[in-house]
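Line by line, the protein sequences are chains H and R. Numbered according to our numbering, the first sequence terminates at residue 327, and the numbering increases by one at each position without gaps. Numbered according to our numbering, the second sequence terminates at residue 1327, and the numbering increases by one at each position without gaps.
Please keep in mind that the hints were generated in silico from the structure rather than gathered at the bench. Only true hints are included.
Cβ-to-Cβ under 8 Å is the rule here; a few derived chain R residues that face chain H:
#1 Ala1020
#2 Pro1099
#3 Phe1307
#4 Ile1309
Just so it is clear, CB atoms sit at the ideal spot from N, CA and C, and this is done for glycine as well.
Number of protein chains: 2
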Amino acid sequence: MKIRIGIVGYGNLGRGTECAVSAAEDMELVAIFTRRDPAGIQSASGAPVYQIEKAFEMKDQIDVMVLCGGSAKDLPEQTPMMAEHFNVIDSFDTHAKIPEHFEAVDAACRKSGKVAVISVGWDPGMFSLNRLYGQAILPQGKDYTFWGKGVSQGHSDAIRRIEGVQDARQYTIPVGEALEQVRKGENPELTTREKHTRECFVVAKEGADLKAIEQAIVTMPNYFADYDTTVHFISQEELDRDHKGIPHGGKVFRTGKTGWDGENTHIIEYSLKLDSNPEFTSSVLTAYARAAYRLNQKGEQGCKTVFDIAPAMLHPADPAELRKNLL
Amino acid sequence: MKIRIGIVGYGNLGRGTECAVSAAEDMELVAIFTRRDPAGIQSASGAPVYQIEKAFEMKDQIDVMVLCGGSAKDLPEQTPMMAEHFNVIDSFDTHAKIPEHFEAVDAACRKSGKVAVISVGWDPGMFSLNRLYGQAILPQGKDYTFWGKGVSQGHSDAIRRIEGVQDARQYTIPVGEALEQVRKGENPELTTREKHTRECFVVAKEGADLKAIEQAIVTMPNYFADYDTTVHFISQEELDRDHKGIPHGGKVFRTGKTGWDGENTHIIEYSLKLDSNPEFTSSVLTAYARAAYRLNQKGEQGCKTVFDIAPAMLHPADPAELRKNLL
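Isolated chain H, as found in the complex (with noise of 0.2 Å):
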């Protein structure tokens, strides 16, 4: 019997969990639910697309919910309303707000007697997990985290927010001299702007004043004024077929020291190289809907997260045969 998976949200996210929930052999993609008409919408797989509501009518028939919405406006939301009625994942990726979003949607869990696993991905996700074995492992010690080479949305939206930019693709950018310190285990002290470059391409609408856009672009608290930031000025055509994709990833390093003076120095590094941001995301998340569903199958409810799953559950193989073959 397979696991009947339902996807809320079909943006690139939904796609790629689409694509990865087709690929497992232990899943059957059940539907797709949105917001908009889907009246209009064709799936990749030839799964019925319907409208949200239409979930409640499906509770006997979806084991686990996967909610690929955003996390500003969709999952503070959606997460806790589905958690009423399904085993639910999401990505939610608001650091800060993870403590609040957790009890609301423990809250709905409660209810229902079903699992949650919110904030799965690769950061939060793999990279959370990294810094947390790190951390264990290595109590004396130091974490870094480095993002890139990818492209930010949130960076990439910020520019295209300005006057007179018709298009725009940020890419956040590792410092290699701060890579190279940490991983010969120099411990430095980093600045925002030692460990990270910002590079934007920009469209500017006809007639715009470039100058000023660049100003608005390096000068923009938060998303750029800490960091060195680069501007090239494109046209539409080469943004389209230079920086069409999604590309990202990036560095969990964990270095610390044992011995009785400290004198053994330790580097672990964990490192994602991805072509395709959303894909490699809806992976995750596909392996956590099986651990979610397995969790709720013995009986346990209640919102987790990456932290609270054994590894064994994420693998579609039983404990035996991981024993045998992976230990």
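Dock chain R against chain H, hints included.
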């Protein structure tokens, strides 16, 4: 109330565990147990050293016993024996015999109601975890494990057993070209010889036949015959001066594809660079000792591996703090 730890075996791993436990704020080291005559042993921390039989009189004083013996002879006997009385951790690393060791330890735990975690360290251990996470997230893909550059005790011992050899140290070295192919996502099929080389530093006894020693090394089945092996003859002084450390490390890769046509490639790389193999291994053992204690407190019992332990169990901070600070 601190977690009360006992250590069985006082070689490199036992000494590393002593240091790691002493550094952990939530743990205290109660005693070290040995099969040697304890009268001749002064522990680095000042913890008492007892003969191993004394452990069974101290059941109420020790929460977790960390077993630091060898996998060939000590652990197959000691882990089940100790698991009949204590929560235990071991670093059993004979991959092929893990299933039978698991069964023996699990049976002992079922009698005592205690928790055991076996095969803890970095391989098996952290590398195994990364193989599992990688496969679960990217089911269409390939794993690669590289070891080194680092000292292999087993290979060094094998050289020392050759006639005419006084001392030896063997380094396992990953082949740079193979690493680069994997890192680029080329998914190469690699033979044993293409993945690692072996470099040996050998001290010959006076008058020994160097050609014969070299020949005996490079043709030794299982250990060297399938590798490109270099042999250097050096003096005991040089060996003691330049090859005293026991560094190790390595890398686990998962390279996988996503997308309807497998058009996107993702590369996960987990890398360890360790100044001291035994001190890092014992740091992992210490973190899992915390988990074993907590799980047993929660009423769990039986034999487990790193695959079965939720990451949050390893970290001293409570779950809400972890969500706030590390997710």
